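Student: Please build the complete structure, drawing on both the sequences and the hints.
There are 2 protein chains.
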Amino acid sequence: MCFGAHCSGHSTKKDTGSSHCWGPEGSGSRAPAPRGAPGGSPARAPRRSPYLSARGHVAHVLLGSAEEGYAAYHADKYDEESNPDGIINFGTSENKLCFDLMSKRVSQIAKRNMLRNSSLVFILREEVARFLTHYCKAPAPLKAENVIVLNGCGSLFSALATVLCDPGEAVLIATPFYGGITQSVFLYGNVKLVYAYLDSKITGTSTRPFQLTVDKLEKALQDAQAEGVTVRALILLNPQNPLGDIYSLSELQDYLEFAKRHELHVIVDEIYMLSVFDESATFHSVLGMDRLPDPQRTHVMWGISKDFAVSGIRFGTLYTENQDVANAVASLCYFHGVCGPVQHKVAQLLRDRDWINQVYLRANHARLKAAHTYVTDELKTLGVPFLNRNAGFFVWIDFRKYLRTGTFEEEMLLWRRFLDNKVLLSCGKAFECSEPGWFRIIFADKIHRLQLGE
Amino acid sequence: MCFGAHCSGHSTKKDTGSSHCWGPEGSGSRAPAPRGAPGGSPARAPRRSPYLSARGHVAHVLLGSAEEGYAAYHADKYDEESNPDGIINFGTSENKLCFDLMSKRVSQIAKRNMLRNSSLVFILREEVARFLTHYCKAPAPLKAENVIVLNGCGSLFSALATVLCDPGEAVLIATPFYGGITQSVFLYGNVKLVYAYLDSKITGTSTRPFQLTVDKLEKALQDAQAEGVTVRALILLNPQNPLGDIYSLSELQDYLEFAKRHELHVIVDEIYMLSVFDESATFHSVLGMDRLPDPQRTHVMWGISKDFAVSGIRFGTLYTENQDVANAVASLCYFHGVCGPVQHKVAQLLRDRDWINQVYLRANHARLKAAHTYVTDELKTLGVPFLNRNAGFFVWIDFRKYLRTGTFEEEMLLWRRFLDNKVLLSCGKAFECSEPGWFRIIFADKIHRLQLGE
Ligand SMILES: Cc1ncc(COP(=O)(O)O)c(C=O)c1O
Ligand SMILES: Cc1ncc(COP(=O)(O)O)c(C=O)c1O
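As given, the protein sequences belong to chains L and G, one line each in that order.
In this text, residue positions in the first sequence follow UniProt numbering: the first is 1, and each later residue adds one.
In this text, residue positions in the second sequence follow UniProt numbering: the first is 1, and each later residue adds one.
Calculated from the structure, these hints are not laboratory results.
Heads up, a few of these hints could be off.
Identical copies look the same in the list; a pair holds intra-copy or inter-copy alike.
Only pairs whose alpha carbons sit at most 25 Å apart, straight line, appear in this in silico SDA-like list of lysine to any residue [said to hold, decoys possible]:
{"#": "1", "residue 1": "K219", "residue 2": "P293"}
{"#": "2", "residue 1": "K260", "residue 2": "R48"}
{"#": "3", "residue 1": "K143", "residue 2": "A75"}
{"#": "4", "residue 1": "K446", "residue 2": "A281"}
{"#": "5", "residue 1": "K96", "residue 2": "S119"}
{"#": "6", "residue 1": "K260", "residue 2": "R47"}
{"#": "7", "residue 1": "K96", "residue 2": "N357"}
{"#": "8", "residue 1": "K77", "residue 2": "S119"}
{"#": "9", "residue 1": "K260", "residue 2": "P50"}
Nothing here was measured: the structure is a model prediction, and the numbers come from that model.
Tutor: Laid out in structure tokens, this is it:
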């Protein structure tokens, strides 16, 4: 199977969320700062290259900075046979449980007749609209003309940030969150993130750890405005990465009403929507809501890299009723095209509802659930607290009791101790978590060994 | 054959260079201004969308504005059988003469075994280095580690502009030039172009029309600096689009020395390097020079859309010895990936030197030459002056005698008269030409009819 997408050959950003803390170091609405060594140690800014612009320097440093964990992993990859004592990667948010199903499927598709080029985009957008109508339980059929197709959700974040914000303006997001968004909105768009910090404390209004509430959004927005920062949009991740939370309908309604009150766009990233692996949990897409509070400012993205376990395929899609936004994003599409063969394969993939429901999703959810159960049972045995959720490929683990002091330096030391013990995890800092001691583990893998704890 | 790349499905930018003048309207170093109706009529700025940022508005308008010529063409496309009185497109810079050879070739490649994913990028970069070493006549083998691969030269312009310039800074380019560059450097990068205006006058130092001289570059640079504009780089197109010029070694040397004196980066776009169709002409790649004046500031791009007549395949490559620039561009690659199947096909395509030399280039050059001869003979018969060059798919035609007054309004009227007569050409304005009355015609097509003149 050859279905991957790679580019420069220098490196490809992935949700490694490991040592390497791509995002702003400091707090609040800072642009990504160049970093030295990963984690705790003070960021020694590397010399500014005489050949690059200021933003080119940021891009250079982001790539060039030591991705300690990832580099260590690549130098000493675990392999059942050839390197059984190597490092196991529990850092990259990839579903390895369904490679078998997907590679078979994709090669079957490849063998069928290709469609004519000119009609491909049209067909793909139709398929996406039909697919989203079904899986998002849309009250009325979604329209192909509101569908935009790009090479991945990363590109969609980049394009949306650019057309919704001017340089230096900001987008609101709750932490912890998938850190790749920081680069996606900053590298080209020069857009900053403003954080609503969530933490594990239970209070009257926060009845679960890291609960997103409108109060916290209001506060973050006010703080940013007080600092003179213009906030144009809110990003919601649903299901949430790294927490695994899925929002209830009334929560969603609250967040969207909050955004409407402040005339904020809402970018809803539902990239894990089909990775809800327990029937007890119900995912609600904003596209399934009877009435959107502010449809012209609501933009929904989804992609196949997570839900179809094919992170190599660069395909992301945006659904928006706003034709100005759609046109503006489309004019950036020239830089983010999806090649013909991928369009063809994705259209074929999304079309076959029977296979998706009866073969793929059944197997995928059963496997995810089994792996999740395995990991959480281990954690329970070890007496390590964690968030018990039903979506995504990850468990958000509370290792605070293993920190001597509650600092990010200590978190980094613990992270490194795991790495020394051949386990690559992602530390909370990589998700801009405000509370030191939280880690994300990816469980969507065959679990041969788990070296948890000390 | 399904080998195209399309994205949003809304529209894809192409070198249509027709009615639609993508670039800055005014003179000098202005950012792209929103335009109303194409051509002469004063640009009525469309209402600013309440949903978009200022730059999002520009992107929206660029896409949304009436591409009169292109729209007319799509509504009334010439077809030998079904629409023999339709519009013939002599506007899009596409080589239609070798579709037969390429589609056969590409489908043959598709049938061979795919390489393993992980090694694909590496192999592709090796192939590109070997290919460029050969066709650019490099004095020493070019290195794979200096090769970056992206989804097209448009994306390369976008990424390079971003990492070399900060917002509002500028890049120097001689007009007329391929207008798509304006958007590529502006939409994401917010980088302006500063123009060195060439014209048809013959003087002591300009011995051919539209000759690029260091004097003109010096003057444009000085003017920009006097206006407070920071210029970071020079773009050279060689072979030149739309002129068809190819630069001599000593000219190249002069331009590069000029850039070195002013510490300007040089972006050399050699995308038409294999489309030099007359043996009497010799193309010199800067990669073939014995010694580059400023190798750390010299960045060379090439792509396959023109030379291999496959404009649907999004593939462009950058060769630079500067590792800071390479890293910075690579960190933007996440947004501009080349999908696996395309990587595979391009690597296979570039590897087969025998087929390229003995089959493809022979046929391609013979066909280009025949088509060029046909068109230029017609022009001679009609008594219409033009630049007689040996590279590219286009002839730069002097229709000044058909303008009643030497204005761009008149140029637009003439352009529209051609369109009314079912001929879609590109007017000089679309290339920021400073002299009204010049038109570009694409000759790389089967020539069934030519309705030139009035
Ligand atoms: C929440 C979230 N959004 C977006 C992405 C990136 O998506 P893509 O692979 O389509 O660029 C990721 C990848 O980890 C993610 O976790
Ligand atoms: C001189 C020149 N450079 C670059 C391009 C765009 O190249 P690509 O198709 O690789 O984006 C064109 C297309 O017309 C061109 O004429």
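Student: Hint by hint, note whether the structure agrees.
Tutor: Here is how each hint holds up against the structure:
no., hint, in the structure
1, K219 / P293, "within (21 Å within a copy, 56 Å between copies)"
2, K260 / R48, "between (42 Å within a copy, 20 Å between copies)"
3, K143 / A75, "between (47 Å within a copy, 24 Å between copies)"
4, K446 / A281, "within (24 Å within a copy, 61 Å between copies)"
5, K96 / S119, "between (33 Å within a copy, 20 Å between copies)"
6, K260 / R47, "between (44 Å within a copy, 23 Å between copies)"
7, K96 / N357, "within (19 Å within a copy, 44 Å between copies)"
8, K77 / S119, "between (43 Å within a copy, 17 Å between copies)"
9, K260 / P50, "between (45 Å within a copy, 14 Å between copies)"
Figure legend: structure checked against the earlier numbered hints; every hint is met.
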